[in-house]
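*Asks:* Using the hints, build the complex out of the two chains.
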Amino acid sequence: MVLPTPLKHVETADELTKIINENENVMVCCGRMGPMCIPVYGVMEELQEEYAHVDFRDMAFDSPEAHAIRNLPECSSFMGLPFTVYFKNGKVAAATSSIQNRDQITTILDKEFGKN
Amino acid sequence: METKHFDSIIIGAGPAGLTAGIYLSRAKAKTLIVDSGVAGGQMNLTHEIANYPGFESISGYELSNNMRNQAKKFGCNIMSGISISTIDFESETKSIGLSNGKTFTADTIILATGGRSRTLGVPGEASFKGRGISYCATCDGDFFQDKEIAVVGGGNTALEEAVSLTKYASKVTLIHQFDHFQAFKEAEEEVLKHEKIDIKLSSRILSFNGSDKINSITIENINSKEQYEQKLDGVFVFIGYEANTDFLQGKCIELNERNEIITNERLQTNINGVFAAGDALAKRFRQITTAVSDGTIAALNAMEYINQKKTKSSSAVNI
Chain S
432 MVLPTPLKHV ETADELTKII NENENVMVCC GRMGPMCIPV YGVMEELQEE YAHVDFRDMA
492 FDSPEAHAIR NLPECSSFMG LPFTVYFKNG KVAAATSSIQ NRDQITTILD KEFGKN
Chain X
7 METKHFDSII IGAGPAGLTA GIYLSRAKAK TLIVDSGVAG GQMNLTHEIA NYPGFESISG
67 YELSNNMRNQ AKKFGCNIMS GISISTIDFE SETKSIGLSN GKTFTADTII LATGGRSRTL
127 GVPGEASFKG RGISYCATCD GDFFQDKEIA VVGGGNTALE EAVSLTKYAS KVTLIHQFDH
187 FQAFKEAEEE VLKHEKIDIK LSSRILSFNG SDKINSITIE NINSKEQYEQ KLDGVFVFIG
247 YEANTDFLQG KCIELNERNE IITNERLQTN INGVFAAGDA LAKRFRQITT AVSDGTIAAL
307 NAMEYINQKK TKSSSAVNI
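Order-wise, the sequence lines are chains S and X. Taking the working numbering, the leading residue of the first sequence gets 432, the next gets one more, and so forth. Taking the working numbering, the leading residue of the second sequence gets 7, the next gets one more, and so forth.
One or more hints might be untrue.
To be verified - Per the computed footprint, the stretches of chain X lying under chain S, defined by three or more beta-carbons under 8 Å from a beta-carbon of chain S, are:
(1) 64-76
(2) 132-142
(3) 145-151
For the record, the hints were derived by calculation from the structure and aren't laboratory data. Just so it is clear, CB atoms sit at the ideal spot from N, CA and C, and this is done for glycine as well.
Next comes chain X alone, as it looks inside the complex (with noise of 0.2 Å):
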């Protein structure tokens, strides 16, 4: 078995990990970046940036090249597609254990893990993706000219991509578990008002139903509990976000409510030497620029903490 020692591993290859990443490489610190995906995580996921400082406008895909070949350049070590099978985090030395048999250890950690589409966890969810069950409006869009469809969501991105739909579908069905939207007024107003969108709130998806493909979803009424099928081509589902941290679940790792994981101001976690940054932190705003702010943050406490540790060894030593 290969055991490796680092200054520091970064646990996720998104915007916060690889920013984290070209910080602490540049550093001179020996770095691991170890990523379940391919670097840029969710960034990847992105067709246009315009919002990122500096490019009017970039894809996705060409920002998470750009972040992983400056982290390269520095001599950061990127180990993508390799998941993570045990940790050890408590102790002075930290060590990562993953799929491919191979132990790390670190002065530091960092958790980068970011996070993911929320799935609806109803039966046929699985069967049906990408035969009429999608996640991405953008590219699936066109696959429903002219047929009927469902959006599942209350959020700002539900009530928007519902009416983006309208360009495609016959008839679009907003589907929503509360009994108001959780969207900007405007995003609600433009809803509320277009012809093509029929509103179901206070209501649920039981099961996606259907052979080779959806032809109808079932349909509950939360407040009532009648349920009812609707016919219907393809369902698109707008739920929000989870944060990645089901491998710190039940760990040493102070988590919250939302599986998010707590930091104090210097982004450490409730373990001295364990730092996180982006997504899968307890935070309002996730944007790739929070996530650049939180690498960075990340990066140089952690290396402060390297320095310290070198330090008290090293006087140690010459006690």
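Pulled out of the complex, with its shape left as it was, chain S reads as follows (with noise of 0.2 Å):
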């Protein structure tokens, strides 16, 4: 089960766990084809080239697979579409729940992985 969007995805929790332990910075958004998660990808499109050091993936939150994002401790508390995620060095460095803007977005990459 994978999303719609031109991002490249995550479809199983062993592919997660293989992409965050070979890439430093990952970023990864968990939802659906929804209003609060499509703006997200959107701006996640947009920064691939600005932030070539970060791989940015998204998760269909309805495939049984994501329950790799959907049980991390730092999700306990989400209660809003997307979960987005965002992983230094395979552990998770910054975790959001619901929609987030450009800046918001921008802000934490740049606190967590630095600009390129």
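*Replies:* What follows is the structure, given as structure tokens:
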């Protein structure tokens, strides 16, 4: 199960583990094709060139494999889609719930991963 | 610092801005669309659009992409995720300065900045967003299965969403600041007779309370000034929209008391060569179709203005 976005996808929990272990900076947006999620995918798509040192991915929230994101301790209080998680060297560096705008996303990217 | 000149700069890439971009670019006008968010604007916030002529059903995401691609196909330049830091609309040649340091000039400007969901502006609202506070029932309703929630607002959206959220929640408290609703009678009747919905009129939320997520709200009865705490797990806010005109406030463009842009029948603002279209306008109905209509009218009038200006300048050269 993958989302119809132009972003690279994460399809399985194993794949997520591999991606975050093989890439220093990873941003994963786990959601649906809904009003709160689509703007985040759009911002991610636009930031890919500017933040070439970050691997931008999405993941379908309704996939059973998305437990890898849904069940993270950092997401335990989340009650709004999408769940967006930033991984640094395989560990969660930051996580947000619900829609975020470009400024909110770049603030986290700059803080956790630095500018390119 | 890079400066580039266009026939028209459109501020906003929602349906009004993209339509204006399609018309101007197709007419061979050199056009730039600038948007602080992503192309499509509030269209992206709609799951399914069933009343856009020509499409029985289409997602807002798909319609946004279609419009964006159509504008690009005609040669329209689109810059997304860039905010505007400075404007000069009063000079003969208009200019905008962007957050990335670039400055662009144009003969005409079309303001198609759209609107956004209004927020309550109450302590705790920003920090509990996604941790109990939501602005989208279809997105987040299923997080509140068998939980107690509140819905804030008194218009059609608030009342319809309050009813739809009863599919999940064990109890819905509907909180509205006035002593009556501003919704259609049918929506009001459905809410009034619903056994899961408790109504609190003339009331407002003073604060959202909790640690990692909401566990209560403080409510004030506006008439009696009585304040009390209500335990709950979530709050959905549907209190209407406001125009994205913050960057115009206190500047040369005339706005009404709701900060919406005032135009004439040609959709020209009080400044020559500056037009406006879409949800940021002072008008009654706000639909994708009305935004598209506004974008068309603004673009055609802008095109006429550009042509007149070119004719004048070539006459001056001939003399």
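*Asks:* If a hint holds in the structure, say so; if it doesn't, say that too.
*Replies:* Do the hints match the structure? See the list:
1. 64-76: Answer holds; 3 residues pass the 8 Å Cβ test.
2. 132-142: holds (count 8)
3. 145-151: holds (count 4)
The structure fails none of the hints (numbered hints given earlier).
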